[in-house]
Amino acid sequence: MSEMAPIKPLVEVRDLTMHFDIHAGILRRKVGAVKAVDGLSFDIMEGETLGLVGESGCGKSTTGRAILRLYDPTAGSVRIGGVDVASLGSADLRRARPQMQMIFQDPQASLNPRMTVGSIIAEPLREHSDMDRAARDVRVRELMDAVGLNRAFASRYPHEFSGGQRQRIGIARALALNPRFIVCDEPIAALDVSIQAQVVNLLEDLQRDLGLTYLFISHDLSMVRHLANRVAVMYLGKIVELAPRDALYSDPRHPYTEALLSAVPVADPVVEATRQQIILQGDVPSPANPPKGCNFCTRCPKVMPVCHEVSPVFVEHMPGRFAACHLIDEEKDASVLRENKNDNVQQGETQ
Amino acid sequence: MSDQDRIFAQTVVDEVEERPRTLLRDVWSQFTAHRGAMAGLAVFLVIVLGVSFGPFIHTIDPTYSDFRARNQGMSLAHPMGTDNLGRDMFAQVLQGGRVSLLVGVTAMAIAMFFGTLVGVLAGYFRRLDGILMRVTDLFLALPILPLLLVIIMLFRDTLRKAFGPEAGIFLLIVFIIGITSWMQTARIVRGDVLALKEREFVLAARSIGTPAHRIILRHVLPNVLSPIMVSATLGIATAIITESALSFLGLGFPSDFPTWGRLLFDGANFMTLTPSRVIWPGLMLSLTVLSVNYVGDGLRDALDPHIRGR
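Residue numbers (the numbering used here), protein chains in the order written: chain A, 1 to 351; chain B, 1 to 310.
Certain hints may be false.
[Unchecked claim] Here are a few chain B residues that sit away from chain A, every Cβ distance over 12 Å (derived from the structure):
no., residue
1, Y64
2, N71
3, A167
4, I188
5, F201
6, V220
7, N223
8, A245
9, N293
[Said to hold, decoys possible] In silico SDA-like pairs for lysine to any residue, Cα to Cα no more than 20 Å straight-line:
no., chain 1, residue 1, chain 2, residue 2
10, B, K197, A, D106
11, B, K197, A, D72
12, A, K292, B, G130
13, A, K30, B, D129
14, B, K197, A, Q108
15, B, K197, A, K30
16, B, K197, A, D132
17, B, K161, A, E330
18, B, K161, A, F20
19, B, K197, A, F20
20, A, K292, B, R126
21, B, K197, A, P113
If you are wondering where the hints come from, they were derived from the structure by calculation, not from laboratory data. The beta-carbon is built from N, C-alpha and C at its ideal position, and this holds for glycine as well.
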């Protein structure tokens, strides 16, 4: 699945920063900022699924929303299909909307309780196409078929559906305008486990049939492993590691990724019995006041003095694998040293 | 099993009658299922029809003084008795009802319009919030009575000249009541809009690219309908009562021009002599307010799809 190797990036995120100002006092002066997203750079290739994982409050959803320009980013650029969405004017932005859509976490909250399913799915068509009512109805019926909803339900209201069905309504709405890129903001987190599989399979089928590109935001590592081609791990507003799925799950390079993966239960009881869980100490620091140096230095089991001083750079340490950690720099230095030493020894031997 | 069969049968029925249900019919069928609302509607219709067509049946002129029949109790000739000037109370109640209802409904409509407008704008657009809410506070802090005095002194004569004595004073009163009673609605609506704005379906509409004015009309307003409805039904009552207070102070309609509030206040002095002078207008006023409240209650339920499904 991951070997199809899509090459062209559809979404290019550069230095995306989203700070929410904190105002206090009588004059509502700015006293600080919550650094929800702090300088993210990554690409999403055409037709791939990029999984974005991290614990609650690390900025996953904010990233998704900032990419779709639901928030105005503080800095940085987001190019989707070559257009910088982050700096478009409102009229151009509206024209760019059809190619990027979003599937929301809470299917209950993301559907207007006062609109029928038909009109919810038809809303994007009303906004962006000049279809008449009959044509819209036909398209809505098509979409309902595509996501596996009974087309007779078009005149019902969202509260008459189960969670999984509601999520299908949300997916149908996101598909209405034939988007290229869909941000899935924890689309399965609010669903029953048995329904999760159905929705994930539906997302996979749609990706295959329609050539969609997903940013799949989740905290469910097993589901991301199932669905994603590449995985990005976020901690406190920054991406700490980004790698192809199999590489990341088999050989995590960042201590935080290691800790996250060690928390995933394994279905094999023999392996599960010997699983070593890395338990992180302490709490996540406040994104309004992140620690000096590396964001993870307060909880890292492999912390070094340099981590408290210098923020590590997010670098491509191996082809296709990115991480931000001093350990990797050190390894690199060490391996360079080792190579030098080997050279010396070899030279010595030959002498 | 039986449940499954029922669901299956339901699905079959749905597929057979493919024609979608219309919103209006759904709302109406839920409204008719609300007994209080139907009773309220019936009472309100009787009152409206009564004050509209009553004067054509009970043809005594409400301003005609029959000095031989002063302070009479209820009789066939005067179903609600007469006042101290021998004027027929029934004719006055019918005539007064026209004005009171018209004032109540119109002033409420104005108040709802301004209240909703200010509330939605303040709640939805953060930039307007501060200034609009301070204006709302300003209106709340204004001493209403001196304000009314000043407005009436300033505009009564000009309006009378422009629209005639009755229409002029009607416009003035409706306008005054309207602009002094929108603040509560504005505050309630603002609060609800602030909460709604953060709901994901509004975010979804933004991600679709729906412009702000259509988000407001399509997603925000239908969801703040309930508090607006409640304010509106209460607003009719308040408007009728405020009008009577104005008339009592001599700032409203001229004294020979009956309204329910005016009749109540005029009759208050004669309560021991002819209790029917306060009972009837008071009863009409209460019935109107009560029936409007019930209608509003039923309408609110009927417009909410959650309740409508049951």
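Checked hints:
1. Y64: 53 Å, holds
2. N71: Non-interface label stands for N71/B: nearest chain A Cβ at 56 Å, farther than 12 Å.
3. A167: 39 Å, holds
4. I188: The claim stands: I188/B keeps its Cβ more than 12 Å from every Cβ of chain A (closest is about 18 Å).
5. F201: Violated, because the least Cβ-Cβ distance between F201/B and chain A comes to about 4 Å, which does not exceed 12 Å.
6. V220: 10 Å, violated
7. N223: Given that some Cβ of chain A is not farther than 12 Å from that of N223/B, nearest at about 6 Å, it is violated.
8. A245: Correct as stated: the minimum Cβ-Cβ distance to chain A is 38 Å, above 12 Å.
9. N293: N293/B clear of chain A: closest Cβ-Cβ about 23 Å, beyond 12 Å.
10. K197/B with D106/A: Holds: K197/B and D106/A sit about 15 Å apart, inside 20 Å.
11. K197/B with D72/A: At roughly 16 Å apart (the allowed maximum being 20 Å), D72/A and K197/B satisfy the hint.
12. K292/A with G130/B: 37 Å, violated
13. K30/A with D129/B: 19 Å, holds
14. K197/B with Q108/A: With Cα atoms ~15 Å apart, K197/B and Q108/A stay inside 20 Å; holds.
15. K197/B with K30/A: 24 Å, violated
16. K197/B with D132/A: Judged against 20 Å, a Cα distance of about 29 Å means the pair is violated.
17. K161/B with E330/A: 92 Å, violated
18. K161/B with F20/A: 58 Å, violated
19. K197/B with F20/A: 17 Å, holds
20. K292/A with R126/B: Roughly 34 Å between the alpha carbons, so the hint for K292/A and R126/B is violated.
21. K197/B with P113/A: 14 Å, holds
Hint compliance for this structure: hints 5, 6, 7, 12, 15, 16, 17, 18, 20 are broken, all remaining hints hold.
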